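Student: Assemble the whole structure, with the sequences as input and the hints as a guide.
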Amino acid sequence: MLETAVEFIKGKIGEFKPEIGIVLGSGLGELADEYCDCAIPYSEIPGFEASTVSGHKGRLVFARINGKNVIMMQGRFHFYEGHSIHKVVFPIKVMRKLGVENLIVTNAAGGVNPDFKPSDLMIITDHINHMGVNPLIGPNDDSMGKRFPDMSEVYTEKYVNLVEKAGEKLGISLQKGVYMAFTGPSYETPAEVRMARVIGADAVGMSTVPEAITASWAGMKVIGISCICNSAAGVSTVGLSHEDVIKAAGDAKEKFKQLVKEIIKEL
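The sequence shown begins at 1 in the numbering used here and counts up one residue at a time.
Keep in mind that the hints are not guaranteed to be accurate.
[As the list claims (entries may be wrong)] Listed below are the simulated DSS-like cross-link pairs for lysine-lysine, each with C-alpha atoms no more than 30 angstroms apart in a straight line: (1) K253 with K221; (2) K57 with K261; (3) K255 with K146; (4) K87 with K17; (5) K10 with K221; (6) K117 with K255; (7) K158 with K17; (8) K265 with K12; (9) K265 with K255; (10) K169 with K97; (11) K176 with K158; (12) K68 with K10; (13) K97 with K57; (14) K176 with K265; (15) K221 with K261; (16) K10 with K261.
[To be verified] Cβ pair distances, simulated, as ranges: (17) K10 with S43: 16 to 24 angstroms; (18) G14 with A191: 50 to 58 angstroms; (19) S43 with A191: 38 to 46 angstroms.
FYI, nobody ran anything at the bench for these hints, they're computed from the structure.
Because the structure is a prediction, the values reported are computed rather than measured.
Ideal Cβ positions, reconstructed from N, Cα and C, are used throughout, including at glycine.
Tutor: The following block contains the structure:
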């Protein structure tokens, strides 16, 4: 199925060879609306699934941004939607087969660190996988990655520095921290958030980690950016809702777009 999907996409994009992949999280898809030379709905691509979450359009977008060929997932697949973990990361494998070497993965997250506030952008420096599943379980494709891949630097350190410098250049204040992935779709309880903070998490969410693991395994350099859309349960006394997440992401979208475009320019 992987090769079928790759050949289908190549038939749509012709000579276009993507260098950079971007996964756009909840409420952050506007970058793909701004830059779109070609778009393919997920429903047309073999092996892809339809996106069911509000704020995710569900299409692959191809564009030239700041001199680089970019492929964007305007919406991702989530484990909580009922997809197998292998379906969740299938698009990352497709990107790699298409030639993508650098992956920017983004998400909307809850702030665990009390110093974070809604609409902050956080550079992911590391992650904690609390999803109870690993996308590399099963037969290993030796042509893409090792059976037992090193995960000591999933989020490429030199790119963390690159993102920091991009933020400084643009005058955008950036946080840095550890992202912890839960399965969702229910938000974390106050006790779970306290646990996350004790074991070292700065933000929590329901995505990103499977894609980052797969990309690192396949030899891609990874940049992770979280949009802090709310304070997680127990950090704030205000209840949580998806609508609030989308609104907070919308509030941050302009600086998010500026930052990602500057990152692309510098890669």
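Student: Hint by hint, note whether the structure agrees.
Tutor: Hint check results:
A C-alpha spacing of about 24 angstroms is found between K253 and K221, which places the hinted pair at or below 30 angstroms, so the restraint holds. For the hint linking K57 to K261, the alpha-carbon distance of about 20 angstroms falls within 30 angstroms, and the restraint holds. Taken as a hint, the K255 and K146 pair is broken in the structure, with Cα atoms around 37 angstroms apart against an allowance of 30 angstroms. Distance restraint check for K87 and K17: the Cα-Cα separation of roughly 23 angstroms lies within the 30 angstroms cut-off, and the hinted pair is therefore satisfied.
The straight-line distance between the Cα atoms of K10 and K221 is roughly 23 angstroms, inside the 30 angstroms bound, and the hint therefore holds. About 15 angstroms separates the Cα atoms of K117 and K255, which keeps this hinted pair within 30 angstroms; it holds. Taking the CA atoms of K158 and K17, the gap is near 24 angstroms; set against the 30 angstroms cutoff, the hint holds. Annotation: proposed proximity of K265 to K12 holds, straight-line Cα distance about 25 angstroms (limit 30 angstroms).
Straight-line distance between C-alpha atoms of K265 and K255 comes to about 15 angstroms, which keeps the hinted pair within the 30 angstroms bound. Note on K169 and K97: the hinted pairing is violated, with a Cα-Cα distance of about 33 angstroms set against a maximum of 30 angstroms. A C-alpha spacing of about 14 angstroms is found between K176 and K158, which places the hinted pair at or below 30 angstroms, so the restraint holds. Among the hinted pairs, K68 with K10 is consistent with the structure: their alpha-carbon atoms are about 18 angstroms apart, no more than 30 angstroms.
For the given pair, K97 sits about 23 angstroms from K57 by alpha-carbon distance, which is consistent with the 30 angstroms threshold. Distance check on the hinted pair: K176 and K265 sit about 21 angstroms apart at the alpha-carbon level, within 30 angstroms; holds. A C-alpha spacing of about 17 angstroms is found between K221 and K261, which places the hinted pair at or below 30 angstroms, so the restraint holds. Only pairs whose Cα atoms come within 30 angstroms are accepted, and K10 paired with K261 is accepted, the gap being roughly 25 angstroms.
Roughly 18 angstroms separates the CB atoms of K10 and S43, a value that falls within the hinted 16 to 24 angstroms. For the pair G14 and A191, the supplied restraint of 50 to 58 angstroms holds, since their beta-carbon distance comes to about 53 angstroms. Taken as a hint, the range 38 to 46 angstroms holds for the pair S43 and A191, whose Cβ atoms sit roughly 39 angstroms apart.
Checked against the numbered hints given earlier, this structure breaks hints 3, 10; the rest are met.
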